[in-house]
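Enquirer: Input sequences plus hints: build the corresponding full structure.
Chains as they are written, first to last, in the numbering used here: chain S, 1 to 204; chain U, 1 to 204; chain F, 1 to 204; chain L, 1 to 204.
None of these hints come from the bench; they were simulated from the model. Idealized CB from N, CA, C, for every residue including glycine. Check the hints yourself; a few may be wrong.
If you anchor each label on the Cβ, the simulated ranges turn out as follows [what the hints assert, rightly or not]: (1) U:Thr80 x L:Thr144: 33 to 43 Å; (2) S:Arg92 x F:Asp65: 17 to 27 Å; (3) U:Asp30 x S:Leu95: 45 to 55 Å; (4) U:Gly94 x F:Gly190: 55 to 65 Å.
There are 4 protein chains.
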Amino acid sequence: MSAAAESLLAGEADRWRAMTEHPFVLATADGILPEAAFDRWLLEDHVFVVEFRRFLAGVLTLAPDEPSRDVLAGGITALTPELGLFRAELERRGLDRDGHTPSAGCLAYTSFMMASLHDGYEVASAVLYGVEKAYLDAWTTVRTRAREAGSRYREFIDNWSAPPFATYVDDLGALLGDGEPSAAQRLAFGRVVVFEQRFWDALV
Amino acid sequence: MSAAAESLLAGEADRWRAMTEHPFVLATADGILPEAAFDRWLLEDHVFVVEFRRFLAGVLTLAPDEPSRDVLAGGITALTPELGLFRAELERRGLDRDGHTPSAGCLAYTSFMMASLHDGYEVASAVLYGVEKAYLDAWTTVRTRAREAGSRYREFIDNWSAPPFATYVDDLGALLGDGEPSAAQRLAFGRVVVFEQRFWDALV
Amino acid sequence: MSAAAESLLAGEADRWRAMTEHPFVLATADGILPEAAFDRWLLEDHVFVVEFRRFLAGVLTLAPDEPSRDVLAGGITALTPELGLFRAELERRGLDRDGHTPSAGCLAYTSFMMASLHDGYEVASAVLYGVEKAYLDAWTTVRTRAREAGSRYREFIDNWSAPPFATYVDDLGALLGDGEPSAAQRLAFGRVVVFEQRFWDALV
Amino acid sequence: MSAAAESLLAGEADRWRAMTEHPFVLATADGILPEAAFDRWLLEDHVFVVEFRRFLAGVLTLAPDEPSRDVLAGGITALTPELGLFRAELERRGLDRDGHTPSAGCLAYTSFMMASLHDGYEVASAVLYGVEKAYLDAWTTVRTRAREAGSRYREFIDNWSAPPFATYVDDLGALLGDGEPSAAQRLAFGRVVVFEQRFWDALV
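Expert: Set out below in structure tokens:
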């Protein structure tokens, strides 16, 4: 893990732990989350991924060199099958993604992410790392628990914590370099966790 | 009022009324809002105005013609004395604007506004109109009430509902033209009210 | 071909023909372009593709719906092997891409492209179509000529006019819809041809 | 002058001198530039200022703190009377600003400027300083010469080299700080001079 990534995470250790133990995450891992709540999550998370692709492309536009852009382009490419899975699963469940009205917590999180592009590459790349790392860590933490519980959601959890995704998140952390994170990066990284939690709060 | 502005407002009539009767607005008009809450409001609103200037400049960059850009440049110019008032009042009250941590509701609102720049001029100009019109209408609605109540906050309320500001807000509405608002404009305009309310919710 | 794409092309018929008969294109097709000039072209075109990926990502950020974003994400994905070919060929020829100073004509073209993102999706998507269609048409026009001449550059020309690329360019044209192009789209589309020609002028 | 501004200028000393002795500048100072060429200059420079206001607003959106934004907002405010002068003078001379087709050199310069916003605040603020400093230095260099020659254009030259403008340009230089300019800033600053010269080349 890059020194900057490590330092950002260390600065948010408490909130990070709380996030990975969020009631929504635990209920999903234990398989006790009602299907209706899980449906709602799929709709909300789909809205998030749709905006996330726009954000990721925005970070690529801002990125200052080809190695960084290669990593980010790889992320955009990986979103094509990811969005395909979402669309297929939503259809299978008869959920109308175009008719869904996202929660204020979902909109706040996607807005925060998109707005960070105006703060420049340094901040936006820290937000990007935070968003992906939070997602990865939350589901990785409960991966075993979900299997042991035989959770009906365990295939999803396996997908959200898969090794290639973990490698990609490490690559995003490496983009932040080995220096000390700036004050603006720390501030934005901390806010990622706040918005992620509020996004989940709306689901339980 | 331009046809597009009128149509956007008509589509949000219920939420608009609720907003202008928000407990925070009424308590300020009646002069019963505690000083500590008003201090907090000044700090929060200052954060908002700081981000609003960035947003307004972003809309100017996107605007497609000189008459629109002239209106927007006028708005940026008017923010110089406005920010001066904020800074002076904060200092007079011994409030530390740099040390203030904005509420999640404030951040969500400013993020939503900044993020809308990525949706293009059509949507961003509807957001701009909504933000300014909401502010104007809320304080205009209680202007007389504040005077009659002899509210200790009435000079602020007079400033936030002053005739030149009303004229400027009309000019912003005129930028939207006389056609029917697009679906994307309606959606964004409705979200302004949601975020504005949540911004105020955090204050009472 | 979409009606808008057809209309844009019809409006630039004269300049389009001149462009596809540019001395640089013909000399490459005939295989009489000196190797040093071709080396310089590879370096210049590499600079262009590097900036083009940033531009394409910027258009994705601005695009208003998922079908459009899917097409644009496909374009970004296709640039990964394309950039790989450039890097490999430059290395094979001992050309230093990091040390290359792009011509003013190259910088003007990439700047024009990147700047168009500030004019919004409508204009930027017309620029995107113009850039890709110009490239495709120029090399498609001389594809047979290059084979018949046994041009030493014919494998490159085959790549730049390959059927999957033609399909992708059609998809980009379809993004423009079936209405009449706006005045701003026509203006920007015409400027693409001017900048493309000046980019090539610097090479012969 | 800030250390960064001084270092950027020192790195471009040769091109800077050549620019301030450009045939267009000297012919204007000597009053021997034909009226038709001066008319064309006013039309071209007006196009530039129109885009420059959009650029300046874009830099304000990117700027990281209030003191920087205050300086940039001051610049936007100062452009209102400046654009008024342009519009009045163009009208007085019967020149049609809406019907004017800008030269490729003018478009390349404005495109380069607008495109630099995608490179982030650090680079864009160096471009902003370069653009304004080049303009100021060119006209300041020939200010006395124009008076002594009794140039019919001397009132324009006086305006473009007026003390308040010089103070503002110093303020822009101060925004760059006192550290060493980055490689990206140096590169962009050098390109300003190239594009400025090509802009003027199209006028003589």
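Enquirer: Work down the list of hints and note, for each, if the structure agrees.
Expert: Right, here's what the structure says about each hint:
{"no.": "1", "hint": "U:Thr80 x L:Thr144: 33 to 43 Å", "in the structure": "holds (35 Å)"}
{"no.": "2", "hint": "S:Arg92 x F:Asp65: 17 to 27 Å", "in the structure": "holds (22 Å)"}
{"no.": "3", "hint": "U:Asp30 x S:Leu95: 45 to 55 Å", "in the structure": "holds (46 Å)"}
{"no.": "4", "hint": "U:Gly94 x F:Gly190: 55 to 65 Å", "in the structure": "holds (60 Å)"}
The structure agrees with every numbered hint stated previously.
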